[in-house]
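Chemist: Top to bottom, those sequences are chains A and B.
Here my numbering is used: the first residue of the first sequence is 6, the next is one more, and so on.
Here my numbering is used: the first residue of the second sequence is 26, the next is one more, and so on.
Hints should not be assumed to be uniformly reliable.
Unchecked claim - As a list, the in silico SDA-like pairs of lysine to any residue whose alpha-carbon atoms are at most 25 Å apart:
1. LYS255/B x LEU50/A
2. LYS256/B x CYS21/A
3. LYS243/B x GLY131/B
4. LYS7/A x GLU150/B
5. LYS255/B x GLY85/A
6. LYS108/B x THR52/B
7. LYS256/B x LEU13/A
Calculated from the structure, these hints are not laboratory results.
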Amino acid sequence: MKERHWWLLFIIAAACIIVTLAIHMFLMHMGTVLGWLGITVSDPLAWESTLARSKQIGMAIILFVLLTAGLFHGLYGLRGILIEWIKNPVAQKAITWLVAIFGVVAYAWGLVVLFGVYTMGG
Amino acid sequence: MKAVIFRVFRFDPTKDEKPCFKEYEITLTKGMTILEALIYIKEKIDPTLSFRASCRMGVCGSCAMYINGKPRLACYNQVEDLKSSVVSVAPLPNYPVIRDLVPDLGSLFQKHTHIKPYIIRPDREEMENPTGQFVMTPHQLDEFIQFSYCIKCGACLAACPTVASDPAFLGPQALAQAYRYIADVRDAGAEIRIKILDTAHGPFRCHFAGACTDACPKAVDPALGVQYLKKHMFFGRKQKPSGVKPLAKEHVPNKKYPAPPERTAK
Numbered sequence: 006m007k008e009r010h011w012w013l014l015f016i017i018a019a020a021c022i023i024v025t026l027a028i029h030m031f032l033m034h035m036g037t038v039l040g041w042l043g044i045t046v047s048d049p050l051a052w053e054s055t056l057a058r059s060k061q062i063g064m065a066i067i068l069f070v071l072l073t074a075g076l077f078h079g080l081y082g083l084r085g086i087l088i089e090w091i092k093n094p095v096a097q098k099a100i101t102w103l104v105a106i107f108g109v110v111a112y113a114w115g116l117v118v119l120f121g122v123y124t125m126g127g
Numbered sequence: 026m027k028a029v030i031f032r033v034f035r036f037d038p039t040k041d042e043k044p045c046f047k048e049y050e051i052t053l054t055k056g057m058t059i060l061e062a063l064i065y066i067k068e069k070i071d072p073t074l075s076f077r078a079s080c081r082m083g084v085c086g087s088c089a090m091y092i093n094g095k096p097r098l099a100c101y102n103q104v105e106d107l108k109s110s111v112v113s114v115a116p117l118p119n120y121p122v123i124r125d126l127v128p129d130l131g132s133l134f135q136k137h138t139h140i141k142p143y144i145i146r147p148d149r150e151e152m153e154n155p156t157g158q159f160v161m162t163p164h165q166l167d168e169f170i171q172f173s174y175c176i177k178c179g180a181c182l183a184a185c186p187t188v189a190s191d192p193a194f195l196g197p198q199a200l201a202q203a204y205r206y207i208a209d210v211r212d213a214g215a216e217i218r219i220k221i222l223d224t225a226h227g228p229f230r231c232h233f234a235g236a237c238t239d240a241c242p243k244a245v246d247p248a249l250g251v252q253y254l255k256k257h258m259f260f261g262r263k264q265k266p267s268g269v270k271p272l273a274k275e276h277v278p279n280k281k282y283p284a285p286p287e288r289t290a291k
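In isolation and in its complexed conformation, chain A is listed as follows (with noise of 0.2 Å):
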């Protein structure tokens, strides 16, 4: 993988933020928003919406998006700040690792709440 293909991921992972932080902001605070529109649901933030939503496929899909796309994202941004600010080429070279490293088991944690979540309640 070049830089460019980087990139472009960084891009695509953005353009999936957008769609999935919508959607998951909406689920979350549907109750709020279909206030406004005169409709009243049960409290979105409850145990049994939470555990209801968890168990169902799509949702664990757009969780599973939003995990690896944020992620991503936000780890190659802050890649980047890294690089402008340390000017030295092994230190910058070594940020990418560190960088990369990090992304890997924080996803990996993600990866096994994100399955915990989903299981949750047998």
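Following the hints, put chain B in place on chain A, whose structure we already have.
Modeler: Chain B alone, transformed into the frame defined by chain A:
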């Protein structure tokens, strides 16, 4: 005649610890440029002032300076047009200072050279001993002609916020020139250049500030060049250079018109 105060950056790294600004009062003459004012200061007030200039008509790019908070050509701007009674003149930012208003443009030329700013072709023999001419349509010329107006004054790099934070960033000048040669139908060096450009300090480091375009005294749009370059790096087709077989035909005289006289000058 109106008097104007010139606040001029003074620094000699071999003697001075810190740079400072020195003030000179000048009586304006009609149409006086910044460069003419500086020449006046050097000739009549302070001969120790150093600055770089050559053509005095916005062609050579030698006299680019940081004038009233913007990179400009000193020969291309009249003092009156600045509409200020105080004119601040400093060397271009983002470059080390050699002395006073003279920046070290080494990094500009190094980056420019790095992207191989020349036509690269596989037919070296034809390049060195041409048997004809390479054909280019006006449309093909339009693809890159504006980028070839670059005079390498360095104003775009001085204005670029990314160069300020990342000195290794190739910068708008080199990137726009890379596109200029890649877009040239006579060139076949796109892959070689893309290999050079595809790093963390290449076109993808650009912050889209557009300050380079704003600063260019020749109305080149380097920011556009950077975006075209990115587009080419993803969607550009593999180039086949034009005219590998030179297309020029032998000259056939038109019988309608009389033949031109024989050339006698050697």
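Chemist: Could you tell me which of the hints above the structure violates, numbers in ascending order?
Modeler: When the structure is compared with the hints, numbers 1 and 4 turn out to be violated.
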